[in-house]
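K.L.:
One letter stands for each residue in the lines below.
Number of protein chains: 2
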Amino acid sequence: MKKSLGPKTIVFPCPVLIIGSYDAGGGPNIMNVAWGGICCSKPPCVNISLRKATYTYDSIVARKAFTVNIPSAGQVREADYAGIYSGRDENKFAALGLTAQKSELVDAPILAEFPLNLECRVVHSVELGLHTLFVGEILDVKADESVLREDGKFDLEKLAPFLYAVDQRAYFAIGEKVADAFSVGKKEGSGG
Amino acid sequence: MKKSLGPKTIVFPCPVLIIGSYDAGGGPNIMNVAWGGICCSKPPCVNISLRKATYTYDSIVARKAFTVNIPSAGQVREADYAGIYSGRDENKFAALGLTAQKSELVDAPILAEFPLNLECRVVHSVELGLHTLFVGEILDVKADESVLREDGKFDLEKLAPFLYAVDQRAYFAIGEKVADAFSVGKKEGSGG
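As given, the protein sequences belong to chains A and B, one line each in that order. Read in order, the letters of the first sequence are residues 15 to 206 in our numbering. Read in order, the letters of the second sequence are residues 15 to 206 in our numbering.
Heads up, some of the hints might be wrong.
Stated by the list, open to error - One-sided excerpt, in silico: chain B residues whose CB lies under 10 Å from chain A:
#1 V75
#2 Q115
#3 V136
#4 V140
#5 Y185
FYI, nobody ran anything at the bench for these hints, they're computed from the structure. Computed from a prediction, not measured in an experiment: that's the story for all the values here. Glycine included, every Cβ here is placed at the ideal spot set by N, Cα and C.
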């Protein structure tokens, strides 16, 4: 039996994207965004949604650039901190002892200690209501060598990304593999 | 040491969103989308990206509506099937023995057997390149009562949503809770 919950922002899972930007004075800042993900394969693009009231909003509008930094489970405190406090009040990189490394491709800082970083140039923005959706073209993906396997793919156990469960207001680890994609759903007798 | 991987579509995690739509003849169809997520809190909106070549693309453009249906881990075969085969060639609901229930709010079918359904009206579309990003306003969320706790929140063990790991081309379960959000990152002595 289905129950109607009304219009709510429910999708499982949501990612934990730590957005890097430079403010008007050139100070580096990070914020925590759960509304976002990949939105185009060619060119590779990622979308993130921000409220206009955030400090990062003005930075992205002005610099037309941001980074997406993905933390490991061991960095959950830093990720959550970035979502609680505002860059208006403090330099969160300094407060957390993190390194803002200048991107050579876009006008935004890379969070050096996080194992996965996307450098993005804003190509679209859409006003939706409380949130503005920004589309960033991904100019490069950088990864810590320690989280890559020999074949160049990510070692999920070492990367240890985590997700945000919006309804629970909690972060969860990634669990066991359920199945191979483009495989488990194949019709019987259709091979591989 | 960071390694440059070039421009790639890498974000962990991606969701597994099964998109319901009606084709020109009124036939129900589903497809599997990993490029999507929540993009606005007020009004609640979800974004999905589709290639123009997909059968669903024309349906969404014509009907300005879609549903997002989230499977449980036990429905991974059906979800993967929806991503492998095209609605041009067959009725995937019929092939999988699934029920297309007409939404009372939007011109799109709800996948009745999946435990979580969002009924969405298209409010924006953005051409990005290979993919078009559609923003749907969420008019209602429906959930199977069996996956809800008494307090109305989702029981993640019963819902058992899963995620797509793009680099691995595999589906993974949601694991253990890592921490409470808006909590683990609080400064010492700030309470809560």
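K.L.:
So, against the hints stated earlier in the document, which numbers end up violated here?
P.N.:
1, 3
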